[in-house]
Amino acid sequence: MCWLRPAKFEGRSAVSTWLLAITRFKALFCAAAQEGRELDDEAANAIEDTSDDPEVAVQKKDTSEALRKC
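So the sequence shown is numbered by my numbering: it starts at 5 and just counts up by one.
I should point out that these hints are in silico values taken from the structure, not numbers from a laboratory. A quick note: this is a predicted structure, and the numbers were derived from the prediction, not measured. Beta carbons: idealized from backbone N, C-alpha and C, even for Gly.
The calculated label-pair distances, taken between Cβ atoms and stated as ranges, are: (1) Trp22 / Thr54: 20 to 26 Å; (2) Leu24 / Ile51: 19 to 25 Å; (3) Thr67 / Trp22: 25 to 31 Å.
Kindly produce the complete structure, drawing on both the sequences and the hints.
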């Protein structure tokens, strides 16, 4: 999937917003292409969960607050 209309980008929003929109539509496109295909348990368990656990999230928050105070 490519960017079909680059001339329509007006620069009124952040580039990150634009990139997130492209990513979202690509994900939706891929999900629609996969529709009907089930994910078996083995494949689902092979997907790594990279999200922070609660302890790490609190540590990051504390670090962020300390940095802001400095």
